[in-house]
Amino acid sequence: MNVVPLDQLWVYLSGNPLLSLLVTLLAFMVSVRINQALGGTPLVHPVTLSIAMLIGFLLLVDMEYATYFEGAQFIHFLLGPATVSLAIPLYDHRERIRRLLWPLLLACLVGIVTAVGSTIAIAMVSGAQIETILSLAPRSVTSPIAMGIAEQVGGIPSLAAGLVLLTGSIGCALGPLLFRVMGVSDPGVQGFTLGLAAHGFGTAHAFARIGAVAGAFSGLAMALTGLLTAFLLPLLARAFGLG
Amino acid sequence: MSLIMGMSVLLACQFAGELLARGLGLPVPGPVVGMVILLVGLVLLGRVPPSLRMMGEGLLRYLTLLFVPAGVGLMVHARLIGMDLLPIVLTLVVSTALTLTVTAWVLDRLQRHYCRGKSE
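From first to last, the protein sequence lines stand for chains L and H. Numbers 1 to 243, taken from the numbering used here, label the letters of the first sequence in order. Numbers 1001 to 1120, taken from the numbering used here, label the letters of the second sequence in order.
Same shape as in the complex, but just chain L (with noise of 0.2 Å):
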């Protein structure tokens, strides 16, 4: 019996999209089970704790982040058929989102100023580069939509992305110590305030932590704000002199 040398067998593996699956499916469940045994503290993201271990291993194998991603695209592609499943919560509580529309919208609105403005007037006055300044504006918004504007704008969309994601975990750690401060109680508010500001992360974290009341408002918050800052986040980078 002739056995292949070992190196020849990694050449095949690491081409293979096989590997990148797998590798992302056990660094998600590692991750998931680390959070769990932590009590389940929103410090430490199970998706920000799977990044790492996923940049960790590719650094150490030596492998292409494009090389990795022909594996992993066939998760990330999901993204698109979950996004449009977000109809069904909507369509579900749809009788306490529309009596609450107009307040909604009105928080919705001055929450997507609020993030847009204060994101270009911090990293400006921090001296971030303009490239960065314009992939970070987009950052409350769901990651397709963000990579959207950032392209419009003058950002970068794949950096864009990564700083959504960044945003999505530090909303999901800041949000439940933020609520118990302020004394904000009702799930609805707490599950749009979390998809306005931290997007599917948010979402994900009220479907999981708060309810499924919450998680219709999140998605809702998510939907929304992602639309109206692809409108709006031009105007305001215009306003501070940028794009």
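Note that these hints are calculated values from the structure, not bench results. Any given hint might turn out to be false.
Stated by the list, open to error - A short, non-exhaustive set of chain H residues, derived as facing chain L with CB atoms under 10 Å:
(1) Gly1023
(2) Pro1031
(3) Leu1039
(4) Leu1065
(5) Ala1104
The C-beta atom is built at its ideal place from N, Cα and C for all residues, glycine as well.
Fit chain H to the given chain L structure using the hints.
What follows is chain H alone, placed relative to chain L:
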């Protein structure tokens, strides 16, 4: 079969959304338009078919996993992030805290005001 039915409905909505967004040159991504299309469809139908609910809620349960592949892409920008590390961290933390606080405060106020106004 039911999972296939559910997935087909989701993909069809996304497809229609992509077509509409591209065709009309909207600045909004296709899946978001697809979500609006599905919502309109559900309102017209008046219920959520069980096959669609099973697939959709299954996807939403693992929503966070779906962000991982894009997030690993941060490694490509290690140099730019390294140069702007302090501004990036400062902006992310302070601005996110500000956004959460302002939104929660405004909505909490408005909701109480609005509910009281309606019940009177």
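We went through each hint and held it up to the structure:
no., hint, in the structure
1, Gly1023, "16 Å, violated"
2, Pro1031, "4 Å, holds"
3, Leu1039, "4 Å, holds"
4, Leu1065, "5 Å, holds"
5, Ala1104, "4 Å, holds"
Hint violations for this structure: number 1 only, all remaining hints satisfied.
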